[in-house]
Every structure is written in C-alpha cells, then in structure tokens.
Amino acid sequence: KQEVTQIPAALSVPEGENLVLNCSFTDSAIYNLQWFRQDPGKGLTSLLLIQSSQREQTSGRLNASLDKSSGRSTLYIAASQPGDSATYLCAVPGLTQGGSEKLVFGKGTKLTVNP
Amino acid sequence: DTEVTQTPKHLVMGMTNKKSLKCEQHMGHRAMYWYKQKAKKPPELMFVYSYEKLSINESVPSRFSPECPNSSLLNLHLHALQPEDSALYLCASSRLGSQGSTDTQYFGPGTRLTVL
Numbered sequence: 002k003q004e005v006t007q008i009p010a011a012l013s014v015p016e017g018e019n020l021v022l023n024c025s026f027t028d029s030a031i032y033n034l035q036w037f038r039q040d041p042g043k044g045l046t047s048l049l050l051i052q053s054s055q056r057e058q059t060s061g062r063l064n065a066s067l068d069k070s071s072g073r074s075t076l077y078i079a080a081s082q083p084g085d086s087a088t089y090l091c092a093v094p095g096l097t098q099g100g101s102e103k104l105v106f107g108k109g110t111k112l113t114v115n116p
Numbered sequence: 663d664t665e666v667t668q669t670p671k672h673l674v675m676g677m678t679n680k681k682s683l684k685c686e687q688h689m690g691h692r693a694m695y696w697y698k699q700k701a702k703k704p705p706e707l708m709f710v711y712s713y714e715k716l717s718i719n720e721s722v723p724s725r726f727s728p729e730c731p732n733s734s735l736l737n738l739h740l741h742a743l744q745p746e747d748s749a750l751y752l753c754a755s756s757r758l759g760s761q762g763s764t765d766t767q768y769f770g771p772g773t774r775l776t777v778l
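First to last, the protein sequences are chains A and B.
The numbering of the first sequence is the numbering used here, which starts it at 2 and goes up by one.
The numbering of the second sequence is the numbering used here, which starts it at 663 and goes up by one.
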C-alpha cells in the first residue's frame, strides 16, 4: 500500500529565506509525482508534475526533484515571500480498494513566511 | 481556460434536507473526481468518472450520490447527511492519460458543507 510522508508538518521562516520541503513514499514504482499548494479553505493548485523519467522540474522560484530509487522528492522554494504561505501537498499514484489508480496524498507541510 | 468551478461555495443543511453540489470544467477533460477533505487532513477520494461513467467508488455511503450528466458537468447529490459529513468537498478533472487517471488534476475551489 502506497504511503506518503511529508516532513516537516509545519515550517515558519523569515521572508527571503530559501527552503526545502520533503516528501517520501513507500512504493517506488510510480510514474509521476505532483506537488500541490492549498490556501486555507480553498482548493488545490497544481504546482509541478514530475514524470518518473525526469529528475527535476522548475517553475519560477520553485524546483522539485525526484529520486525514485530512494522514494524521495523535495520541493525547493527560493527567496520565499509572504504570499508563499500555504499548505504544500505531495501526491503520487496509488491503488484504490478495487485496484484502480488514484492519487495518494501526504498530510502536507504548512508553510508560514513572515514579513 | 484551466478553471474548474464549483457551486455553491458554502452550504448549510439539516440532516433531513436534500441538496446538490455542482462542478463544471471546459478543458475537455474526460476524468472528473469528487474528494472530501476534513480540516488539517489531505483530500480523500470519493468518486471518479471516466468518459461520463462511474469508474471508482471508494466505499462511499449511499447518502452521497454522484451524477455526470455530460462531459463538462459533475454533480454530487446529498440526502440524509450526518454532522460528521461536514467538510470541504473538492471537485477535480484531468485528462485520461495512457497510464490511467492520474494525469495532472485541476481542482475547483471547493464547497464548504456544514450539516446541522
């Protein structure tokens, strides 16, 4: 059964700091991994999708890496801003009870960037 | 247009009420999803529709009844809910990739449901 763990659960940093969010998964037989952002009481916004053939993806100040063999992914945020404050969720493919595919989410890292 | 819309934004209902949540997307996606999210928890998959047919039901109680009237619309009909069903209900859509339904999912803003 696929399980996803995110560390730390919460992180508070001053504005301008570079930071790393961690995600680990138990079943390395994945074909992609996604990072999402969720603002309080809102839906999820897809940030980055990394295919298993890729080692990293970049979008603006965000860089996500994937190491399938070790079952790990990191999300690097450069020069953090207060607007980056949100919960960041990592998700990988897993199986439903009936054997179909679904996304398995980690519990998220709640990031607070202080002005 | 990469937007998934959901109505209403907020819903308060009694345990004897019947209500419906609506979701719409115009990205041509043929997979649509309902998730339930409790506070400080990740989203939990409820239902998946592929090509307007129900493909996944994650053992959801029958008081939740999904419907996909066409490729752009997804409804969730609610009846005789319990207070513990209070949560944020999220709709999502995606392309149907060659390896299944987990291509990039686009989420709506959610409906905040409170059951009294």
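These are calculated hints, taken from the structure and not from any lab test.
Beta carbons: idealized from backbone N, C-alpha and C, even for Gly.
Check before you lean on any hint, since a few could be wrong.
For each label pair, taking beta carbons as the anchor points, the in silico distance ranges come out as [what the hints assert, rightly or not]:
id	chain 1	residue 1	chain 2	residue 2	range
1	B	Ser-717	A	Thr-27	20 to 26 Å
2	A	Gly-100	B	Leu-735	40 to 46 Å
3	B	Glu-729	A	Gln-98	19 to 25 Å
4	B	Ser-727	A	Leu-96	20 to 26 Å
5	A	Glu-18	B	Gly-676	24 to 30 Å
6	A	Gly-17	B	Arg-725	47 to 53 Å
7	B	Leu-778	A	Glu-57	20 to 26 Å
8	B	Leu-778	A	Arg-56	47 to 53 Å
9	B	Met-689	A	Gln-55	22 to 28 Å
10	A	Pro-15	B	Lys-684	28 to 34 Å
Now the hints, each set against the structure:
no., hint, in the structure
1, Ser-717(B) to Thr-27(A): 20 to 26 Å, "25 Å, holds"
2, Gly-100(A) to Leu-735(B): 40 to 46 Å, "28 Å, violated"
3, Glu-729(B) to Gln-98(A): 19 to 25 Å, "22 Å, holds"
4, Ser-727(B) to Leu-96(A): 20 to 26 Å, "24 Å, holds"
5, Glu-18(A) to Gly-676(B): 24 to 30 Å, "48 Å, violated"
6, Gly-17(A) to Arg-725(B): 47 to 53 Å, "49 Å, holds"
7, Leu-778(B) to Glu-57(A): 20 to 26 Å, "48 Å, violated"
8, Leu-778(B) to Arg-56(A): 47 to 53 Å, "50 Å, holds"
9, Met-689(B) to Gln-55(A): 22 to 28 Å, "23 Å, holds"
10, Pro-15(A) to Lys-684(B): 28 to 34 Å, "42 Å, violated"
Hints 2, 5, 7, 10 from the earlier list are contradicted by this structure; the remaining hints agree with it.
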